[in-house]
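Protein chains: 2
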Amino acid sequence: MSRLDNVLARIDANLDKSVERLFDLVKIKSISTDPAFKGDCRAAADWLAREMSDFGISASVRDTEGHPMVVGHRAGESKPGPHVLFYGHYDVQPVDPIELWEEDPFAPRIVTRPDGSKVIVARGAADDKGQLMTFLEAARAWIAETGDLPINVSVLLEGEEESGSPSLHPFLEANSEELSCDLALVCDTGMWDAKTPAITTMLRGLVGEEITVTAADKDLHSGMFGGAARNPNHVLAEIIAGLHDSEGRVTLPGFYDGVIEMPDDVKALWDKLGFDHSAFLGGVDLADPAGESDRTALEHIWTRPTCEVNGMWGGYTGAGFKTVIPSKAQAKISFRLVGDQEPEKIREAFRAYVRSKIPADCSVEFAEHGGSPAIRLAFDSPALTKARKVLTDEWNAEAALIGCGGSIPIVGDFKTMLGMDSLLIGFGLDDDQVHSPNEKYNLSSFHGGIRSWARVLDELSKG
Amino acid sequence: MSRLDNVLARIDANLDKSVERLFDLVKIKSISTDPAFKGDCRAAADWLAREMSDFGISASVRDTEGHPMVVGHRAGESKPGPHVLFYGHYDVQPVDPIELWEEDPFAPRIVTRPDGSKVIVARGAADDKGQLMTFLEAARAWIAETGDLPINVSVLLEGEEESGSPSLHPFLEANSEELSCDLALVCDTGMWDAKTPAITTMLRGLVGEEITVTAADKDLHSGMFGGAARNPNHVLAEIIAGLHDSEGRVTLPGFYDGVIEMPDDVKALWDKLGFDHSAFLGGVDLADPAGESDRTALEHIWTRPTCEVNGMWGGYTGAGFKTVIPSKAQAKISFRLVGDQEPEKIREAFRAYVRSKIPADCSVEFAEHGGSPAIRLAFDSPALTKARKVLTDEWNAEAALIGCGGSIPIVGDFKTMLGMDSLLIGFGLDDDQVHSPNEKYNLSSFHGGIRSWARVLDELSKG
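These protein sequence lines are chains A and B, in that order.
One point on numbering: in full-length UniProt numbering, the residue at position 428 of the first sequence is 428, and numbering is uninterrupted.
One point on numbering: in full-length UniProt numbering, the residue at position 264 of the second sequence is 264, and numbering is uninterrupted.
To be clear, the hints were calculated from the coordinates, so they are not data collected in a lab.
Please note that the accuracy of each hint is not assured.
For identical chains, the list gives no copy identity; a pair is met inside one copy or between any two copies.
With a Cα cut of at most 27 Å, we get these calculated DSS-like pairs of lysine-lysine [what the hints assert, rightly or not]:
| # | residue 1 | residue 2 |
| --- | --- | --- |
| 1 | LYS322 | LYS415 |
| 2 | LYS328 | LYS357 |
| 3 | LYS386 | LYS195 |
| 4 | LYS389 | LYS79 |
| 5 | LYS17 | LYS27 |
| 6 | LYS267 | LYS17 |
| 7 | LYS322 | LYS345 |
| 8 | LYS415 | LYS357 |
| 9 | LYS38 | LYS27 |
| 10 | LYS79 | LYS17 |
| 11 | LYS345 | LYS27 |
Could you put the whole structure together from the sequences, leaning on the hints where they help?
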């Protein structure tokens with residue numbers, strides 16, 4: 001038997017103890033957004049630092065303006081492979097509405113479902129306590145079995161992910177030397193389905209803009225002024241209507257500069273995933289993909305940039321009717337970015353377009369709501385290739401390379417502040433009910449997740 | 001001297017007494033919208049019925065569910081000319097913000113301005129107590145001087161005009177026989193300017209519609225669904241943008257059916273009025289007329305139909321940013337109608353257009369917010385011709401035939417419920433500050449108004 005085989009056997013033999021430890025962590029009510037649980041958040045950090053130090057990753061609790069960070073290291077010696085920084089978060093969402101929980105959210109238990117499968121039910125069972133423990137249990141098994149980890153490992157566990165991460169930027173900045181590694185491992189995403197592991201390699205970026213179109217200097221009576229006075233609702237509607245052409249493409253000049261076509265082999269993999277497009281849209285009572293007409297829904301949300309009006313308003317919006325021509329009309333508009341699209345170029349193209357549509361006697365103001373580029377891991381990066389291989393081995397199903405339509409801020413921060421790419425491997429499932437009552441984590445996700453990380457650590461140590 | 005000359009001489013000689021009587025009426029705090037002034041409203045009605053009965057129009061106070069009506073008649077004998085129904089309202093607007101009044105709003109006084117002109121300052125001095133008293137004082141002078149009125153006259157004075165006239169429809173319906181005359185005289189409008197009398201011959205109609213566009217059955221995360229899921233804000237913006245063409249014309253098929261071009265002589269009269277287009281729009285910080293590009297602002301608001309989005313909203317409209325794709329987007333849209341445009345045809349054309357723009361997997365709901373046709377008095381109607389002549393005589397300036405971009409509901413009700421056209425003659429001025437602090441009515445408006453009605457009554461009695 002190889003070292004890895006021994007580690008995997010140890011993981012299997014000690015699964016009950018791994019679950020017990022997860023239960024101990026889950027019982028701590030570390031709800032970061034509610035000040036009433038400030039002490040619980042620190043208790044969770046203390047518990048993690050103590051456990052890690054006990055099994056061989058030297059860890060400490062670090063104070064911030066908010067909830068503390070936990071930082072650990074087992075590194076320093078010259079070892080093969082990259083030095084990795086593992087990231088997870090120990091804080092959880094609030095439990096409201098509490099009456100919809102079948103049991104106490106902080107009394108974790110294993111439930112056997114009608115099909116015989118077992119799930120761990122509790123707040124944080126999946127997001128992110130269950131997920132982060134897959135990595136720590138894999139590291140524990142490696143050290144217990146072999147006396148060491150196969151590569152240098154640092155760990156950063158955050159306590160404010162569910163409440164906007166206010167302390168993260170200052171902490172990364174103040175500790176950039178300590179935390180800068182060769183590669184980040186992030187465990188906060190999902191599998192393709194219960195049998196198919198996945199690596200998230202693409203996260204869309206975001207540009208947010210708010211515009212205010214002003215016509216007259218006051219609201220006008222549409223009887224007195226209607227027809228003669230400019231209506232900013234009409235101006236705004238024309239601006240919004242002109243953002244897409246009849247094929248669903250965004251019309252801003254240069255908008256698609258930097259958008260990258262997926263390689264054929266990736267597209268072929270996606271075809272094999274058998275994404276159920278009609279179920280995806282049918283689940284929200286829609287039928288036809290709305291974006292670029294020559295793309296599938298999966299392409300739309302993973303690989304294509306978008307322009308969405310998230311909010312618009314002008315004039316009278318209450319009950320009944322008021323014959324007003326408003327002075328102002330406003331909209332909040334966001335762009336999801338992919339590939340190498342540059343946020344500031346998109347913003348400038350948008351503003352130039354809007355200005356071109358403003359009548360001479362009207363005006364427009366812009367407010368910025370953030371901008372970040374898309375994140376992607378090169379399909380031929382060595383770490384990605386290794387991870388694909390071992391996940392495929394572990395799950396006996398070809399690992400999917402998937403995208404994520406939203407953004408995970410920490411991944412952008414690791415890239416821009418610490419110069420690290422991230423490998424996003426997680427074992428969550430669509431039905432885990434994270435952020436909702438009766439959150440669960442499949443026991444197969446927990447067990448397979450520990451085994452997967454054990455394999456990843458091994459594989460990364462190879463030449 | 002003719003009978004009319006004697007009546008006019010009496011009016012001049014008794015102007016001080018006419019002003020005193022107006023003061024007595026103005027002192028009564030008949031604010032119809034505030035229940036605290038319920039007794040004052042009745043006191044104003046009582047005062048009017050008593051005064052009218054005293055000088056020779058047999059009048060009574062009629063109870064309604066709200067504030068009472070005052071109805072009077074001096075009719076029945078066979079007389080030449082039409083039987084007219086005079087309409088005015090004795091209720092007034094609230095006085096807030098009271099701190100901006102220079103004196104007690106219900107302590108009427110005459111103020112001499114720097115140019116020597118005199119104005120009556122008080123709440124209701126113009127709207128509509130001063131205006132309705134011009135007619136009653138003219139009738140008083142006729143009866144005092146000649147023992148009778150030259151034509152049959154009925155009077156309807158309302159006490160709820162400033163609070164939505166809830167009792168008017170039931171009252172007109174219950175008393176239609178008593179109130180149906182040959183012609184209504186309404187005194188609640190304005191002059192062209194302080195030297196130029198005006199008759200309002202056109203009032204625009206109105207069709208109100210509210211639409212709700214529904215895409216997904218819930219709000220969606222724009223990261224998870226953006227690009228694939230239909231955004232109802234985009235659908236609504238396209239609908240709104242498509243309502244006008246690049247020349248400002250409304251695009252609905254058949255929209256301009258029934259729109260009437262003004263006769264050349266009327267247009268020529270308007271040209272002579274010297275309307276200051278740049279001051280009209282400049283006063284609200286605009287410069288360029290927004291409607292049909294080949295029309296003047298005066299045409300826009302008096303003679304052209306419009307489509308205005310009075311309100312629109314969808315998605316997140318609070319502070320900050322939320323990357324949501326909303327389930328619904330909504331708009332309140334109104335059409336101002338002119339000539340013979342038919343409200344229900346316009347509504348159907350609009351709904352058909354909107355339905356044609358709704359994607360297959362989205363839906364739209366409509367809610368109706370009223371519909372009324374435009375009102376107009378034929379330019380060659382005998383009563384109009386007579387009124388133009390005598391107003392021109394009285395003011396020594398050619399009487400203007402003007403439009404009104406808004407609607408005056410009573411005029412539509414007289415037409416549809418009682419079958420009467422209305423002659424709208426009023427003596428208000430743009431700077432009267434009706435509904436605002438320091439409301440005033442020029443003494444010249446009051447005096448010239450009384451003399452004008454004396455002439456109108458005389459002229460209408462002529463074959």
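Quick rundown of the hints versus the structure:
| no. | hint | verdict |
| --- | --- | --- |
| 1 | LYS322 <-> LYS415 | between (51 Å within a copy, 24 Å between copies) |
| 2 | LYS328 <-> LYS357 | both (15 Å within a copy, 26 Å between copies) |
| 3 | LYS386 <-> LYS195 | within (19 Å within a copy, 92 Å between copies) |
| 4 | LYS389 <-> LYS79 | within (22 Å within a copy, 108 Å between copies) |
| 5 | LYS17 <-> LYS27 | within (15 Å within a copy, 90 Å between copies) |
| 6 | LYS267 <-> LYS17 | neither (41 Å within a copy, 94 Å between copies) |
| 7 | LYS322 <-> LYS345 | between (40 Å within a copy, 22 Å between copies) |
| 8 | LYS415 <-> LYS357 | neither (37 Å within a copy, 44 Å between copies) |
| 9 | LYS38 <-> LYS27 | within (15 Å within a copy, 66 Å between copies) |
| 10 | LYS79 <-> LYS17 | neither (30 Å within a copy, 110 Å between copies) |
| 11 | LYS345 <-> LYS27 | neither (48 Å within a copy, 67 Å between copies) |
Hint violations for this structure: numbers 6, 8, 10 and 11, all remaining hints satisfied.
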